[in-house]
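Asks: These protein sequences, in sequence, are chains A and B. The first sequence maps to residues 1 to 155 in this note's numbering. The second sequence maps to residues 1001 to 1789 in this note's numbering.
FYI, nobody ran anything at the bench for these hints, they're computed from the structure. Some hints could be false.
To be verified - The calculated lysine-lysine pairs, modelled on DSS-like cross-linking and capped at a C-alpha distance of 30 angstroms, are:
| no. | chain 1 | residue 1 | chain 2 | residue 2 |
| --- | --- | --- | --- | --- |
| 1 | B | Lys1601 | A | Lys130 |
| 2 | A | Lys116 | B | Lys1012 |
| 3 | A | Lys119 | B | Lys1012 |
| 4 | B | Lys1434 | A | Lys92 |
Stated by the list, open to error - Facing chain B, a subset of chain A residues (Cβ under 8 angstroms, in silico):
| no. | residue |
| --- | --- |
| 5 | Asp30 |
| 6 | Tyr71 |
| 7 | Thr73 |
| 8 | Ile75 |
| 9 | Cys99 |
| 10 | Cys102 |
| 11 | Ile133 |
Unchecked claim - Some residues of chain A that are not near chain B, with every Cβ distance over 10 angstroms (derived):
| no. | residue |
| --- | --- |
| 12 | Gly10 |
| 13 | Arg14 |
| 14 | Arg28 |
| 15 | Asp53 |
| 16 | His55 |
| 17 | Met84 |
| 18 | Thr117 |
| 19 | Thr121 |
| 20 | Gln152 |
Every residue gets a Cβ at the ideal spot worked out from N, C-alpha and C, and that includes glycine.
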Amino acid sequence: MTEIVVEINGRSIRRQIEPNLLLVDLLRQDLDLTGTHVGCDTAQCGACTVHIDGHAAKACNVLAVQVDGSYVTTIEGLSRGNDMSVVQAAFKEAHGLQCGFCTPGMVMAATDLLSKTPKPTEAEIRTGLKGNICRCTGYHNIVKAVQIASGQTTV
Amino acid sequence: MTSTNAIGEAVKRREDFRFLKGLGRYTDDINIPRQTYCYFLRSSVAHAQIGRIDVSQALVAPGVVAVFTQADIDASGPVGGLPCGWQVTGKDGAVMKEPKHPILAAGKVRHVGDPIVAVIAETLAEARNAAELIDVELAELAAVVDMKKAIAGGGQTVHAEAPDNLCYDWELGDKAAVDAAFASAAHVTKLDLVNNRLIANAIEPRVAIGHYELANGDYTLYTTSQNPHVIRLLMGAFVLQIPEHKLRVYAPDVGGGFGSKIFHYAEEAFVTWASKQILRPVKWTADRSESFITDAHGRDHVTHVEMAFDKNANIIALKCETLANMGAYLSTFAPSVPTWLHGTLLAGQYRTPAIHCNVKAVFTNTVPVDAYRGAGRPEATFILERTLSKAARELGLDQIEIRRRNFIKNDQFPYQTPVAVVYDTGDYAASMDKAIELADVSGFPARKAASKAKGKLRGLGVASYIEACGIAPSSLVGSLGARAGLFEAATVRVNPTGSVTVLTGSHSHGQGHETTFAQVVAEKLGIPMESVEIVHGDTNRVPFGLGTYGSRSLAVGGTAIVNALDKVIEKGRKIAAFLLEAAEADIEFKDGSFQVKGTDKKKAFGEISLAAYVPHKYPLETLEPGLEETAFYDPKNFTFPAGTYICEVEIDPRTGEVVIASFVAADDFGNIVNPMIVEGQVHGGLAQGIGQALLEHAVYDDNGQLKSGSYMDYTMPRADDLPSFTVATTVTACTHNPLGVKGCGEAGAIGSPPAVINAICDALSEYGVDHIDMPATPARIWAAIRAAK
């Protein structure tokens, strides 16, 4: 067992964990933060995307011990109560989600993209989100959602 | 958002808040106290005799609760195999071969992924670790992979019950009429087509949690299903023999289905059975590698087609021979896909007077194949639309003109096709015209010239599809071999203060029913959408249901809701007549109020509901209190959405790389309740169809190993693989349901593969390339260009 101290969604967490525990399992199993999803076992689908120290990362591909001393934001930490972040609201506005399973990872990836490229072109959006697979939307409305969130268009 | 007249409005989805906040409740998010975890030891070879199974070390491994094989299941009492829900009768009345499909492998393993032993432990890691201690003797047999070799005779058989691996040999249509037409043909176009094997790949992997409660003998199965009542029926009645009143099947938020979550899977039956053995809940969650080798695959047809024309390029006959892969066992609806969901669509949008199709279904040592978005209809459309575009080129005709010339005309509806079905309505020229306009077809030569100046090839591809949704009526599908009805049920429960709870047998796993259905209810009752709750996915709450697949939810499930609403309004009129001291015939329901015609005397909907539940002043002698009605709706016919898609591609001849320059979809879905949701459905279908045409392929090697068994190998369409789409609709209302709706869930996946391949073949025509198989990868295109040179 190894002790880690990590700030998750603004709360400091101190835990004794197995060194082979994945971050996504810490979130889902130990902390009941089930908004972060698991869609594959090869770090390809991006459903588990969270932010570590402000950068998008696939939580299935990070050991929990690696986030010792870091701050982690999950989809549950993106906005409070009935509020939605600009990106979350834009996804709703543009119908950028259907079954909702890839959505938390997609929103986290889009939020990261916009923090680095505030006014992305369509090509930059498509390249920026290619680490996240959506099987429902064909990406058309996801691209539109990111354009709305970046203030470049309305519906 | 508070509009009460909401049909036709792009209302934002009410389910989005929970999904966007990470508050969706998917099956894997559910954990039950004292839950155990199940891990399946699966076959790593495609075909083998199972010898001795030694589980002794696993049984004493840390955390292990139990280890089971099929022998344990057999010893526990009467347990059936996984049932098939459709029995196809072939030529000369020969009934299909239906080999037993045990929950865990018995005697032989028949595909990579076939489960052999189940280990249940306190944690998933402990179950996995213990499985590594199990010793299974497997005497490997030659794998049956290639369909033509499989039925050639003299090789291995997958099942002793099916000699030469033939499940059925089925035909539809008038062979003599077709032969006569071919004898008189001015031109015949021939093609050999492969409809590539695909994997649905819903991003949520399958999950099942079985929970038996000794206290009352009740079972609960939590599962990722598109149709929980169907699972309850199949698993309860046929496999585990649990009566419906003791079995609850609950499918909460489900992360996409696309067909793959229709079927009853072994893992569902196993965890339910095992929970009773160990008296603890048992949870199984597939990892993606497991999904690839256990979720039913889709498509996998090999077809030879011939189309005969008269001297004016009118189609006079069509014949096709298809081999359809069933995989190692018959999945729930597998036999219906290449037959009644495929052969019946071979008229397409055209007046072809004579059609004959023959389908041989083949067992192989591969994962079972069943319905995947479109299910049979994409295969039929690909046959017709590829053949027509090839014929146009051979005849020196424009690919649009050859279609127009053969379209069923508007005054010919209802139209009886030579392949059993009757189209109720359509306007095929209208969707064609709309697509041509949006695709700027007249500007194509200039764009082609511009591409050429850059050293690129440009092609334009057209495909006009028809699909059949809301498969029905039950009496017909029963005569065709279905072992279930295909109606839908709904209950409208008006609560005392006027809010409405709707219990629907349809299931939403991305389709947005909580919004669309609420729009219908709000409009019919004249109440705000906020007063309407849609409940689905739970056999303990919803009276009955057949679920969501085949683009049936609004046309069938929505109609059941409308019919229940009509009953509610009818009872409301009786109550209002009593309260308003008027004749029932004089009461009309308008804008949310019951009023006496020609007067200002009226009662609001909420006043009527309150009177129904607080019946102090109420016609109790003639009317029961309460306001709740149920309807079961069995459609009179399928619905027939149709449309035309136009794809434009640009190809780099040096690399074979294809870029989709534009994609236009013009669809006729009948009336539309929520255009935003409909567009989203089309986008998703297009992505899957373009994925089939350019990227996706489930490939087996000669030993029956799935070579494309992960997202590293199976090419899922990503954001940078696809363009933005141009979608539009034209409308002819369905004639036989009250909403006039047809269904939109599958169209995109049906019409787009031939549109893409036709565009590629158009671009490559200058090299004399007249066909390219899907997926049209850069390697294949480059090789085709090289071969032509």
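Asks: Enumerate the violated hints, using their earlier numbering and listing them in ascending order.
Replies: 1, 5, 6, 7, 14, 17
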